[in-house]
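Chain A is fixed; fit chain B onto it per the hints.
Number of protein chains: 2
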Amino acid sequence: MSVLVVGSVALDSVETPFGVRENLLGGSATYFAAAASLLTDVSVVGVIGEDFPAQELAFLRERGVSLDGLERKQGRTFRWKGKYGFDLNSPETLDTQLNVFADFDPRLNERQREAERLFLGNIDPVLQIRVLDQVRKPALICADTMNYWISSKRETLLRLLPRLDVLLINDGEVRQLAGEANVVKAGRAALRMGARAVVVKRGEYGALLMTADHSFYAPAFPVADVVDPTGAGDSFAGGFVGLLDRLDAHEPDMLRQATVMGSTVASFTVEQFSLDRLRSLDLAQVEARFGEFGRLTAFAGLQLTRGAIPLRACTAL
Amino acid sequence: MSVLVVGSVALDSVETPFGVRENLLGGSATYFAAAASLLTDVSVVGVIGEDFPAQELAFLRERGVSLDGLERKQGRTFRWKGKYGFDLNSPETLDTQLNVFADFDPRLNERQREAERLFLGNIDPVLQIRVLDQVRKPALICADTMNYWISSKRETLLRLLPRLDVLLINDGEVRQLAGEANVVKAGRAALRMGARAVVVKRGEYGALLMTADHSFYAPAFPVADVVDPTGAGDSFAGGFVGLLDRLDAHEPDMLRQATVMGSTVASFTVEQFSLDRLRSLDLAQVEARFGEFGRLTAFAGLQLTRGAIPLRACTAL
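Chain order of the listed sequences is A and B. Just so you know, the first sequence maps onto residues 186 to 502 in our numbering. Just so you know, the second sequence maps onto residues 186 to 502 in our numbering.
Treat the hints with care, as some may be off.
Same chains, same names: a pair is fine if it fits in one copy or spans any two.
To be verified - In silico EDC-like links for lysine to aspartate or glutamate, alpha-carbon gap of 16 Å or less:
{"#": "1", "residue 1": "370", "residue 2": "456"}
{"#": "2", "residue 1": "258", "residue 2": "299"}
{"#": "3", "residue 1": "322", "residue 2": "410"}
{"#": "4", "residue 1": "266", "residue 2": "200"}
Keep in mind the hints are simulated off the structure, nothing from the lab.
In isolation and in its complexed conformation, chain A is listed as follows (with noise of 0.2 Å):
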């Protein structure tokens, strides 16, 4: 059992209704491990500036995410800075430096080259296939992308995504990548374009997983205090990731139950700034809302006449 990700580990400058806070951790790669690492054994590359305060992260180390691949280089870290309305679903970026990011390039070492499971967050696709190709034998490849690349490096991202297991994607991403407006329909396009299962988030509306043959479609759960929604996607990717590492397996069923470990990590991230509400959480209180979501969508198969509705709602997958 172990993970790697790739990503960005950032210094995030967000605005939301509920207040403005500056110099927040972030990250696509800090956001994933923080969340699955309450499931299994994660690895982080990426790299920080002289600037980062180094000690925000001790409570990763502390869950037993190796930071071996965490260089610190001279300059500033990656930094973002970012604005969200009253609906929350999508940010205004009002500022990208990449910093020492600029000029990353990532460099595995023997243990980090054993990964079973990979999990290349939202940067270059250039370097997504740098790090997948250092990889031996990885026995399950996600990766996310952004608008950003799927404008500026399509064609380097459609050599990636064959490559691909799961392809982790938003909503407007997903038809940006399929120049078709139906989710569906677009989710099918990325299938074709060689990822084996794409799984569409949804932001507060949930997560869509297709594969060729499969399709399961979950809510989001109903959060009443969304107080900062950076890093929703990230950390339902390190809830997806983290289960189908700690159980060892990819079949349909498996997914499915990894979507909803996505959808229910997220929802504890939105609660507070930062990863503050990730870093507070244990798997107990994941596995209490995990249940919760089960009977908050759970029905009953169909009956058309008056009779003694079943306790349990079973439903045959």
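Chain B alone, transformed into the frame defined by chain A:
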């Protein structure tokens, strides 16, 4: 078993990315009745003008819908004209002509006053209350409303809400009603306003059912070919109320079933323009898709160690 619906019977002109159609059969009562009549006995209260092609409603009569309460008056039928963009989630209203609806004064006959279940379609809450006052002992009172009434007839609407068993309302409308961006909080606020249950319809993103001590969240059935979303909400309501009437039951588990039934019927409605898909729909097709819905959304309880996955996903309700 009997459902009474009051609402518009209209002629619509609709533009979607898939075509432009004029003088289509439309209206909240029409969509509702077409859906509910798959499941139970329905009686329509409404008004049409001299220009209305009454033969268009023959399919409702064939389904057993009583149109005795459909008054024909001098003048033109209520008309709505709208346009949907590529996201297909909410139309831009280009024109609304009340016509004979302007001085509609619904009078129920003796049989209609005995209706067991009532759906107050999206019309002036003054009229909704006037109809409600005429029904003797309804076992279930459901209503819809819209942004226009929320802003222009708020006081009347607030008098109606405590008399409702179920408020069926759009995502954006419940936020407007509550003055609250978060949908969970907005739903709770609507419950505090007096409705015993709230069903928040979220278009392609599903439906959220809330009571004081119970929540249920169903995604929408993913439809690849959405042609015209008009009437999705009203046919949702028709499936919802129709099933509850057929089963003569309102327990939480039944409300779940009814919510999925509403989503199922609505997923057919959007596949063609106007009521075209509802015309050809039969209960066997609805049952099949309801079952598919179950398979699409079922997941097993969480297991954190590798072992046999149960063949059936059973979640305690």
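query = When no copy is specified for residue 258 and residue 299, does a C-alpha distance of 16 Å or less occur within a copy, between copies, both, or neither?
reply = neither (25 Å within a copy, 79 Å between copies)
query = Within a copy, between copies, both or neither: where do residue 266 and residue 200 come within 16 Å Cα-Cα?
reply = within (8 Å within a copy, 39 Å between copies)
task = Can you give me the call for residue 322 and residue 410, within, between, both or neither, at a CA distance of at most 16 Å?
result = neither (42 Å within a copy, 40 Å between copies)
query = Using 16 Å as the alpha-carbon threshold, which applies to residue 370 and residue 456: within, between, both, or neither?
reply = For residue 370 and residue 456, only the inter-copy Cα distance (14 Å) is at most 16 Å; the intra-copy one is 32 Å.
Violation of the numbered hints given earlier is confined to hints 2, 3; the remaining hints are satisfied by the structure.
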